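Just so you know, the protein sequences line up as chains A and B, in that order.
Under my numbering, read the first sequence as residues 767 to 1201, first letter to last.
Under my numbering, read the second sequence as residues 2 to 587, first letter to last.
It is worth saying that the hints were derived from the structure and are not from the lab.
Bear in mind the structure is a predicted one, so any value in this text is a computation, not a measurement.
Don't be surprised by glycine CBs; every beta carbon is placed ideally from N, CA and C.
Be a bit skeptical, because a hint or two may be false.
[Said to hold, decoys possible] Example chain B residues on the side facing chain A (calculated, C-beta under 8 Å, incomplete):
1. A403
2. T406
3. I407
4. A410
5. P418
6. A475
7. N515
Now for the letters of each chain:
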Amino acid sequence: MTRLPRIAAGLALGAAMTMGAFAPVFAADDTIKVGVLHSLSGTMAISETTLKDTMLFLIDEQNKKGGLLGKKLEPVVVDPASDWPLFAEKARELIAVDKVAAVFGCWTSSSRKSVLPVFKELNSILFYPVQYEGEESEKNVIYTGAAPNQQAIPAVDYLMSPEGGSVKRWVLEATDYVYPRTTNKILEQYLKDKGVAPEDIKINYTPFGFSDWQTEVAAIKDFGSAGKKTAVVSTINGDANVPFYKELANQGIKAEDIPVVAFSVGEEELHGMDTTNLVGHLAAWNYFESVDTPQNKAFIDGWHKFIKDDTRTTNDPMEAAYLGFNLWVEAVTKAGTTDTDAVLKAIVGLSYPNLTGGTATVLPNHHLTKPVLIGEVQADGQFDVVWKTPDVVPGQAWSPVLPEDKGIIGDWTDPINGCGHFDTATKTCTTAPSP
Amino acid sequence: MFDELAHRLPNPPHKRDGVPRWTGNNRVKHTAQHLLPGGGDWERGRRTLGGFVLLMAFLTACLLIAVPPAMAQTADLPALVNALGQGGFPEREKAIDALVATSDVHVPAILQALSDGNLYTRKSDALVVLATKAGDAYALKDPVSGSALGTATSDDIEKIKVNNGLRGKIRTEIGEMTLLSTDRATRLSAAQSVLKTADPATLDLLKKALAAETDPQIKNVMELAEAVIILKTNASIDEKRAAIATVISHGDRDAQTVLLAALQTAPDELKPVIEDGLASISRSLQLWDIAQNLIYGTSLASVLLLAAIGLAITFGVMGVINMAHGEMVMLGAYVTFVVQNLIATYVPGLAEYAMAFSIPAAFLFTALVGVCIERGVIRWLYGRPLETLLATWGISLILQQAVRTIFGANNRLVAPPNWMTGAFELGGLTITWNRLWIVVFAVLVFTALQLVLNRTPLGLQMRAVTQNRRMASAMGIRTPFVDAMTFGLGSGVAGLAGVALTQIDNVSPGMGQNYIIDSFMVVVFGGVGNLWGTLIGAVSLGMANKFLEPYAGAVLAKIIILVLIILFIQRRPRGLFALKGRAIEQ
């Protein structure tokens, strides 16, 4: 080949390559990518698949309103398959490869703990929509679900009250991982502080996906027949709940005798079960589908239209996802950019109306203000609200019940110089003791 | 004078033949006349003022007793029922108390409807109605009379909420109100709820009911309730001693609860009696606990047996390590789901028998899948155990993902038939029906397999191939055919296990993974080639697990079992019942 054609070929190739390199950048300018990190298979699929659908619904609604900063939102969905280390890999893929502006995801605390280092390293934002055990306040995470003082503690207070049955004996039935272990630590301390004797508290752990509940349920029955009113506080997660409730019904444990209050069972988990024998068992959340407000009605109608299935239920994590997404949109609009530090600076103090008639405000510790509702299971799989707090409760990241957390707060008002574990007594930023 | 006054009464006498006559309520007053001193006919009573005053007093007393309840039945009851729909839980509790105080015959049914969540308030006029779902709308009925009140949509009516406390209270009140009912089932549940609450105020009612009771079971419950109440009251020492004896004779967990409570308040001379009773009850409860653990162990053993027996056959005959065995179980479960849905859609009348249809369907389908796997993949890998392991692992992943794609990743609901729900009491044991039927099913499957292996030509050929493949081939047995049939049989039995497991576990694409490890543990422990080995292995592992669980917890129990099996295999690598002369060392 002569020189000139070779040069021409080289130039053409170079041009093509640069064009190729630029092309994705041009495409990226047109949309803002949003990461969706929920298990679509495995033991947590029963709970998390609906959150993926909710995110698609919310993004679709926002695009109908004109998108964000003049651009359309594009969801990027990955499946970490209930495998906690895979959550970290998928999170890295979303942030580093797909270049998402924010990630909405995780359910179990194990998955959240697994992805935390990734978010810290790559400086992105995770909106975490599920109730959890507290003892955490991270710069890169906005916790839109309940902290223990917005779910677990009020539920125990309700059961101790005359209206809840004046419960004197407690069974803490849990799945064996970080969320139930930490929550039970807080609850055990809280119960002891309230004067419950140690022999009146029984704690039991079972693995994920546990299905042979005969012995455990018989032990609950046994513990409950000592003459004092007994209740079960259940932090069982995932599809182990289905055989648990089935065994309760089969062994004839009625809610009037031994009520079970669950923190991880909502409308979605009850959807696939026959609930006629579970009427009266309780759940503590910040939202129920049965709450009658115009915002909730509009949300449910929009959801049914989007998912094209009138039988799909809504639940608390969906409301948390709704709040998280809309607060993010507000923050981005206020900051004028999707840059993480700007959004984190803008988001603290923002408010958005929740679906039960109140307002959710983002606190400096990256938690929200939420109302607490206690609901009883009905025969149709819905919950009837039997008690609620008069006003919203601010989320406490570090539970004041635990002695080591006295005076500790999280404060991320300034995302660069903020602190998640600030000791108000010594006015210094300390690190949390490892569990 | 009395004549004029009489005519001012609500129901004045009407004159007939010049003689005033009374009917109905008036008859009471007229009869009362004859009871007056110097009484007789009212003309004489008219003469004495004293008699007249006494008469008026007596009449007023009769009016107060006879008339008001009758008026309350007709006028107050609907008002009290409507009061149920007002206010919050404390107000509802007061309304329930007011209803109970009327002792009206309609009240138990109304309270039951309230407890079941069938009472609604009509928003337009705050009337409390009984609503039953009729299609998209609700059919309304009057809760007192039962007369139809038209229809309404869910927007017109609002459910009257009850919580656990109210439901418990309603159960107590209904129990007390229906203790003397003519219906046996109602009386039994009333007696049980009186026993549960053991309110001293119900003692008189209970004694009256006990005197009239003839049914032995109900009499038993009532006697226990009476004993419990006596222990709570200030009865005499002897009465309490007799009551304690009654309670001890019942000897169950409830009796223990009662005695523990009584120990706090009992007089000192009765305390040793109670403590002796408690000791004897706790001894008998311990024995019952052991029996209960045996029951649990048996049901776990039956599950392990069902899951592992197919593996024992394929591993025994062919020496193939089938990692897709768990998926065969999962496929059997999904076939059950599909069959149940098909029957529900096309032949709803047969819904109760869906399980009966699922059993052959699951067996045939999974057997077919097993034969396909054998012919398609395993046939080419004989004598290469590692490759077989990998290949079957790959097949298991393919099957899981295929099911996930077709049915979705979420769990599927397989509704239990009515005869498999609930539990029954046997002495101090509670036995759930679903687990009992699974034990029966496992025994039937095991027997059927033994018959197939020992009485059929195919079984004979299978056993021959297991003992010595080469020799069997030389004798004219078509070993490839036997292999395919064995694999099919093993997979089919796994499918049957899947049918049974839909009743106690979640039906999800990954459900097989929960059983593959357990199946291998049973087969390795029990030894291959002999079904009895699998049975013994399953029973021992099931029992060991269930006896460890109350002490070590579920997680640790499994770990301990695994460690014990590893130690056992070190001593006896072939398992409990090893077949002699097997050519597994190839």
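Point to revise | Hint check: 8 Å Cβ-Cβ cutoff, P418(B) to chain A | key: violated (12 Å)
Practice item. Answer holds if the nearest beta-carbon of chain A is closer than 8 Å to that of N515(B); otherwise answer violated. Key: Where the cut-off is 8 Å and the nearest Cβ of chain A is about 6 Å from N515(B), the hint holds.
Check your understanding: Does A403(B) pass the interface hint, meaning its C-beta sits closer than 8 Å to a C-beta of chain A?
Key -> This hint is violated: A403(B) lies away from chain A, its Cβ roughly 13 Å from the closest one there, beyond 8 Å.
**Study point:** A475(B) as chain A interface residue, shortest Cβ-Cβ below 8 Å
**Key:** Because about 47 Å separates A475(B) from the closest Cβ in chain A, which is outside the 8 Å limit, the hint is violated.
**Study point:** Proposed interface contact between T406(B) and chain A, which counts if any beta carbon pair is under 8 Å
**Key:** violated (11 Å)
Exercise for review: Using 8 Å as the Cβ threshold, decide whether I407(B) counts as touching chain A.
Suggested key: violated (13 Å)
Point to revise | Proposed interface contact between A410(B) and chain A, which counts if any beta carbon pair is under 8 Å | key: The hint holds - A410(B) has a Cβ within 8 Å of chain A, the shortest such distance being about 4 Å.
Hints 1, 2, 3, 5 and 6 from the list above are not met by this structure, while the remaining hints are.
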